[in-house]
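**Q** Protein chains in written order, with this note's numbering: chain P, 15 to 553; chain A, 12 to 440.
It is worth saying that the hints were derived from the structure and are not from the lab. Don't take every hint at face value.
To be verified - Non-contacting residues of chain A with respect to chain P, defined by C-beta distances greater than 10 Å in every case (computed):
no., residue
1, Pro205
2, Glu247
3, Lys258
4, Thr259
5, Asp261
6, Lys268
7, Arg272
8, Lys314
9, Gly318
10, Arg334
11, Asn355
12, Ala358
13, Asp361
As the list claims (entries may be wrong) - The calculated lysine-lysine pairs, modelled on DSS-like cross-linking and capped at a C-alpha distance of 27 Å, are:
no., chain 1, residue 1, chain 2, residue 2
14, P, Lys162, P, Lys374
15, P, Lys202, A, Lys417
16, P, Lys202, A, Lys128
17, A, Lys86, A, Lys113
18, A, Lys130, P, Lys202
19, P, Lys360, P, Lys56
20, A, Lys417, P, Lys400
21, A, Lys233, A, Lys258
22, P, Lys437, A, Lys203
All values reported here derive from a predicted model rather than from experimental measurement. All C-beta atoms, glycine included, are put in the ideal place defined by N, C-alpha and C.
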Amino acid sequence: MSKYLNLAVTIFLPFFFLGTAIAQSEPLRNTIDQEIKGAWIKEKIAIPDRSTDSVFLRRVYLDLIGMIPNYGEVTAFLMDTDPKKREKLVDNLLADPRFARNQAQLWDLNLLGRNPQNIGTSRNREAFQKWLAIQFKNNEPYDRIVHKVLIASEEDSHLFYAQFNGSADDTTTTVMRVFLGTQLQCAKCHDHPFDIWTQRDFYGMTSFFVRTVVVEISGSNNDKKYVVGEKSTGDVNFTISSKDAKPGAKKGGDPVKPKFLGGADLIEPELPKNFLEPKLKPKEIPPKPIFSRREKIVEWITAKENPYLARAAVNRIWAQFMGRGFVHPVDDFNPNNQPNLAELLKKMEIGFINSKFDIKWLIREIVNSSAYQVTEISPVADALPKFYERARVRPLAVEELMASLHVATGLGVESALKSVPSKDMLKYLGEPTDGQGTFQGSLSEHLFFHNGDTLRSVCQPRKGNLAENLLTSTDTWNAKIDRMFLSALSRMPTDMERDRFLSYLNPKEKELVDKKLPSQRLEEALWVLFSCSEFRFNR
Amino acid sequence: MAINFESVNCNRQQHLSRRSLLKSTLVTTSGMVVANWGALFHSQTIAAQAKQTGKRCIMLYMEGGASQIDTFDMKPGRPTAGPFRPIKTNVNGIEICEYLPKMAQHADKLAIIRSMKTKSVDHGIGGYHMHTCYPSSERFPHAEIGAMIAKYCENSNNDLPSFIKMGSPGCTAGSGYLGPQYEPFTLDTDGKLPSFANPSVPQEVQDRRGELLKFMEDQHAKNHFARPFSSHREAELRTVRLMRARKTFDVANDWGKARERYGNSPFGRGCFTALKLVEAGVPFVEIGQDGYDSHNDNFPVHKANMGVLDPAWSSLLQDLQDRGLLQDTLVVWTSEFGRTPAINAQAGRDHFGRAWTIVLAGGGIKGGQHYGSSNRDGFEVEDKPVDEGSYFATIYKALGINPRAKHYLGVRPIWATPEGSKPIQELIG
Numbered sequence: 015m016s017k018y019l020n021l022a023v024t025i026f027l028p029f030f031f032l033g034t035a036i037a038q039s040e041p042l043r044n045t046i047d048q049e050i051k052g053a054w055i056k057e058k059i060a061i062p063d064r065s066t067d068s069v070f071l072r073r074v075y076l077d078l079i080g081m082i083p084n085y086g087e088v089t090a091f092l093m094d095t096d097p098k099k100r101e102k103l104v105d106n107l108l109a110d111p112r113f114a115r116n117q118a119q120l121w122d123l124n125l126l127g128r129n130p131q132n133i134g135t136s137r138n139r140e141a142f143q144k145w146l147a148i149q150f151k152n153n154e155p156y157d158r159i160v161h162k163v164l165i166a167s168e169e170d171s172h173l174f175y176a177q178f179n180g181s182a183d184d185t186t187t188t189v190m191r192v193f194l195g196t197q198l199q200c201a202k203c204h205d206h207p208f209d210i211w212t213q214r215d216f217y218g219m220t221s222f223f224v225r226t227v228v229v230e231i232s233g234s235n236n237d238k239k240y241v242v243g244e245k246s247t248g249d250v251n252f253t254i255s256s257k258d259a260k261p262g263a264k265k266g267g268d269p270v271k272p273k274f275l276g277g278a279d280l281i282e283p284e285l286p287k288n289f290l291e292p293k294l295k296p297k298e299i300p301p302k303p304i305f306s307r308r309e310k311i312v313e314w315i316t317a318k319e320n321p322y323l324a325r326a327a328v329n330r331i332w333a334q335f336m337g338r339g340f341v342h343p344v345d346d347f348n349p350n351n352q353p354n355l356a357e358l359l360k361k362m363e364i365g366f367i368n369s370k371f372d373i374k375w376l377i378r379e380i381v382n383s384s385a386y387q388v389t390e391i392s393p394v395a396d397a398l399p400k401f402y403e404r405a406r407v408r409p410l411a412v413e414e415l416m417a418s419l420h421v422a423t424g425l426g427v428e429s430a431l432k433s434v435p436s437k438d439m440l441k442y443l444g445e446p447t448d449g450q451g452t453f454q455g456s457l458s459e460h461l462f463f464h465n466g467d468t469l470r471s472v473c474q475p476r477k478g479n480l481a482e483n484l485l486t487s488t489d490t491w492n493a494k495i496d497r498m499f500l501s502a503l504s505r506m507p508t509d510m511e512r513d514r515f516l517s518y519l520n521p522k523e524k525e526l527v528d529k530k531l532p533s534q535r536l537e538e539a540l541w542v543l544f545s546c547s548e549f550r551f552n553r
Numbered sequence: 012m013a014i015n016f017e018s019v020n021c022n023r024q025q026h027l028s029r030r031s032l033l034k035s036t037l038v039t040t041s042g043m044v045v046a047n048w049g050a051l052f053h054s055q056t057i058a059a060q061a062k063q064t065g066k067r068c069i070m071l072y073m074e075g076g077a078s079q080i081d082t083f084d085m086k087p088g089r090p091t092a093g094p095f096r097p098i099k100t101n102v103n104g105i106e107i108c109e110y111l112p113k114m115a116q117h118a119d120k121l122a123i124i125r126s127m128k129t130k131s132v133d134h135g136i137g138g139y140h141m142h143t144c145y146p147s148s149e150r151f152p153h154a155e156i157g158a159m160i161a162k163y164c165e166n167s168n169n170d171l172p173s174f175i176k177m178g179s180p181g182c183t184a185g186s187g188y189l190g191p192q193y194e195p196f197t198l199d200t201d202g203k204l205p206s207f208a209n210p211s212v213p214q215e216v217q218d219r220r221g222e223l224l225k226f227m228e229d230q231h232a233k234n235h236f237a238r239p240f241s242s243h244r245e246a247e248l249r250t251v252r253l254m255r256a257r258k259t260f261d262v263a264n265d266w267g268k269a270r271e272r273y274g275n276s277p278f279g280r281g282c283f284t285a286l287k288l289v290e291a292g293v294p295f296v297e298i299g300q301d302g303y304d305s306h307n308d309n310f311p312v313h314k315a316n317m318g319v320l321d322p323a324w325s326s327l328l329q330d331l332q333d334r335g336l337l338q339d340t341l342v343v344w345t346s347e348f349g350r351t352p353a354i355n356a357q358a359g360r361d362h363f364g365r366a367w368t369i370v371l372a373g374g375g376i377k378g379g380q381h382y383g384s385s386n387r388d389g390f391e392v393e394d395k396p397v398d399e400g401s402y403f404a405t406i407y408k409a410l411g412i413n414p415r416a417k418h419y420l421g422v423r424p425i426w427a428t429p430e431g432s433k434p435i436q437e438l439i440g
């Protein structure tokens with residue numbers, strides 16, 4: 015065992031520079047702010063203002079727990095005079111069970127995408143999300159989570175492999191992209207045009223996964239259970255010498271030895287003479303392999319010395335909160351796509367390794383930085399400004415939208431947690447960006463909001479909801495309008511807005527003749543607050 | 012600039028097209044982003060206007076895989092022939108299946124490619140490949156042909172969506188790397204608007220709440236300049252315009268008369284709706300006809316399907332011609348793949364990509380010809396094999412789109428068709 019571990023260490027030697035990092039005395043948030051401020055000065059960018067309390071509040075709620083604050087939380091935070099209230103709020107939210115759930119949803123999407131191939135939907139995905147949530151709740155170190163996902167021995171942890179339907183090519187490219195931030199798939203058919211990877215690298219890496227099998231052990235279409243195992247035999251055949259290597263040609267080539275990306279070949283024991291791979295019945299899990307290639311690559315991927323793992327993680331988590339990774343897109347480190355603010359990335363990477371891959375620590379430092387807390391008001395048009403001089407603008411994920419509607423209309427957090435986006439919502443609001451984080455409005459989204467039942471039903475007065483409370487309350491119209499804005503947009507209305515809504519909700523001359531009017535108008539006004547851009551996006 | 016959200020009834024002054032909006036934008040904003048709807052438009056939209064080609068495309072997609080031997084590449088007298096007989100058409104030398112008698116009168120419009128040789132011969136991957144020109148195994152967010160044509164052929168003055176689908180979806184890749192603005196707008200199978208496109212509240216309510224929404228958006232636009240906001244507002248405006256133009260989708264009145272010719276089927280009604288849509292300027296409409304996957308009982312299945320297909324397709328071509336639209340409207344008849352020449356033990360034919368048939372007609376295509384051929388029994392391509400790339404390149408070329416149009420996803424380039432894809436010049440008129 016230790017022999018292979020040593021090997022894993024030695025093959026990183028060319029890249030070995032991180033281990034010498036000195037312990038940081040300075041909190042990372044300060045480092046972030048110094049570096050970002052340095053960039054602003056260098057780029058002659060005016061120092062932006064800090065976000066207002068209500069903007070920060072909504073932003074950090076959405077980013078940390080995936081839903082907006084409720085009316086009570088908004089008013090309490092806005093009234094709080096403690097100068098440390100932002101920091102305290104961050105601590106509270108990081109300790110909230112919704113933090114783990116939100117992280118799980120994000121990583122479920124990172125690992126599987128919105129519409130993964132080959133696996134049923136809903137229920138087995140729910141089980142996988144719950145398994146992920148446990149990891150984040152326990153604040154498992156990031157490298158341990160990666161290890162668990164890739165070893166896939168825990169119950170409900172198998173879905174990552176199940177999506178590949180046994181394709182070692184797909185497994186390899188996804189593992190490399192998601193966890194190491196490098197794009198290997200081009201090297202499947204030809205040496206990578208803008209990266210250092212060759213076809214030998216590609217097939218060398220796929221050889222680690224070629225023996226992995228996913229066995230469907232039970233369940234129906236939407237509730238399949240999988241187990242991940244590994245055979246003792248099986249190779250990727252590929253010939254590089256052939257003049258015109260055909261894409262993916264596996265026939266006729268020679269077995270490719272497993273080779274660590276950019277490093278040495280794996281040294282593996284010979285199979286016992288006359289070894290025969292046991293014949294498996296359907297649904298039968300293969301016995302433990304004589305030698306596990308997959309364990310070796312997982313050790314390599316999650317080794318502290320691996321130069322790609324922490325870098326890719328820090329970049330991804332940074333982008334999760336700041337919109338744009340140092341490398342953008344987040345999973346495309348390559349020689350032609352050099353990181354922006356490379357110094358900061360390096361420092362964060364070292365900090366993350368020194369923290370023993372503590373995700374919560376990293377997130378706490380990022381959201382407590384002034385860089386994260388900048389204003390959203392600026393003439394800059396970019397959705398994701400390169401130097402972070404304006405807060406990034408992102409559409410709410412469909413899950414966030416659904417949960418936030420529940421919170422805003424007073425249905426409560428419990429109800430928000432149970433809310434599951436309908437098939438239609440997933441279809442029309444599930445993927446609002448172009449895959450690079452750039453939002454593009456679609457017709458169907460608006461039609462769905464204008465005419466569909468989802469939004470209408472939460473705006474109608476129902477027992478105990480916001481609309482009903484407002485109708486039965488004896489508050490003044492002004493107070494009611496304040497409450498509507500605080501509930502939906504986490505802020506007070508401007509004077510102009512209050513006047514406009516007042517005349518909409520309380521048209522005096524008509525009130526006398528039509529008793530239904532206040533209820534109707536209220537429903538319409540709420541519809542407006544939930545349909546407007548300010549609700550659709552974070553702040 | 013009196014635009015209300017959701018204002019469906021409006022007089023001519025209020026009914027502003029995008030062009031007039033643009034004009035007033037250019038006058039009023041003089042480069043400054045100000046708090047009016049002018050903030051919606053940026054240079055990309057203006058560039059989009061310059062590149063419209065005026066070409067359109069209707070794709071008839073035979074979901075499941077239509078049999079070439081039982082339609083356009085018959086093998087009379089051979090063991091693979093099956094029971095159907097060829098009939099003469101209005102072009103000497105072109106014979107097609109006896110169950111396509113109406114189409115036989117339009118053979119002069121058809122370019123019949125009998126030498127399709129494609130790689131992805133299962134439904135999911137075949138549907139993907141024949142819609143995006145790339146294999147799904149690349150795991151890249153490729154764009155469907157409809158999104159590509161929408162991007163390059165859309166008329167931005169038009170109130171209607173530019174990529175419309177109805178019927179059985181052969182592919183769900185959507186707009187991929189081209190982004191949500193080119194996502195397909197999906198109608199019900201028979202071409203009717205989905206229920207959520209119908210207003211759920213009375214006009215009066217739509218108008219007044221639309222005004223309040225506009226007020227909120229105007230307030231927000233005063234100091235929020237990030238592009239996603241304007242994209243969101245622009246889509247909202249397009250939605251309002253679509254709601255105004257909803258009548259285009261309502262073919263009920265004309266359908267009464269057309270029904271006899273097109274056949275009283277959802278597919279027939281879909282084809283008729285497609286005619287109305289391209290007439291109204293929609294650049295791409297796909298209509299799926301499902302049920303071709305005849306592993307069992309291939310012949311009754313195909314006979315029944317052709318009974319639906321023949322009147323619908325032929326009437327569509329006739330009406331396009333009568334309205335002077337055919338020269339600018341390419342009509343494509345395709346599948347994810349063809350079917351085996353060999354007939355299996357269940358009297359079925361299975362999936363087959365080695366030598367099958369696609370038919371092109373209209374816009375930019377030289378009709379009345381065969382292109383390529385399969386061998387005697389139809390097992391292999393005999394002459395001029397056509398792969399996915401050349402097929403797509405031919406369509407793009409016919410529509411005035413550069414087949415090698417280059418786009419980027421991040422830093423990675425992606426082309427409309429893969430390297431080496433060449434349009435088939437003989438097919439382009």
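**Q** Once the closest CB in chain P is found, is it more than 10 Å from Lys258(A)?
**A** 16 Å, holds
**Q** Minimum Cβ separation between Thr259(A) and chain P greater than 10 Å?
**A** 14 Å, holds
**Q** Does Lys113(A) sit within 27 Å of Lys86(A), going by the straight-line distance between their CA atoms?
**A** 21 Å, holds
**Q** Verify this label for me: Arg272(A) is non-interface relative to chain P, using a Cβ-Cβ cutoff of 10 Å.
**A** 31 Å, holds
**Q** Does Lys202(P) lie within 27 Å of Lys130(A) when you go C-alpha to C-alpha?
**A** 18 Å, holds
**Q** Is the Cβ of Gly318(A) more than 10 Å away from each Cβ in chain P?
**A** 33 Å, holds
**Q** Tell me if the straight-line CA distance from Lys233(A) to Lys258(A) falls inside 27 Å.
**A** 34 Å, violated
**Q** Just want to verify: Pro205(A) was marked as not at the interface with chain P; is every Cβ pair farther apart than 10 Å?
**A** About 8 Å separates Pro205(A) from the closest Cβ of chain P, which leaves it inside 10 Å; violated.
**Q** Run the distance test for Lys437(P) versus Lys203(A): straight-line Cα separation, threshold 27 Å.
**A** Within the cut-off at roughly 20 Å; holds.
**Q** Is the nearest Cβ of chain P still more than 10 Å from the Cβ of Asn355(A)?
**A** 25 Å, holds
**Q** Would the non-interface assignment of Lys314(A) survive a Cβ cutoff of 10 Å against chain P?
**A** It holds; Lys314(A) is separated from chain P by about 33 Å at its closest Cβ, greater than 10 Å.
**Q** So Arg334(A) supposedly isn't at the interface. Is its beta-carbon more than 10 Å from every beta-carbon in chain P?
**A** Holds: least Cβ distance 26 Å, greater than 10 Å.
Taken one by one, the earlier hints fail for this structure at numbers 1, 2, 21, listed in ascending order.
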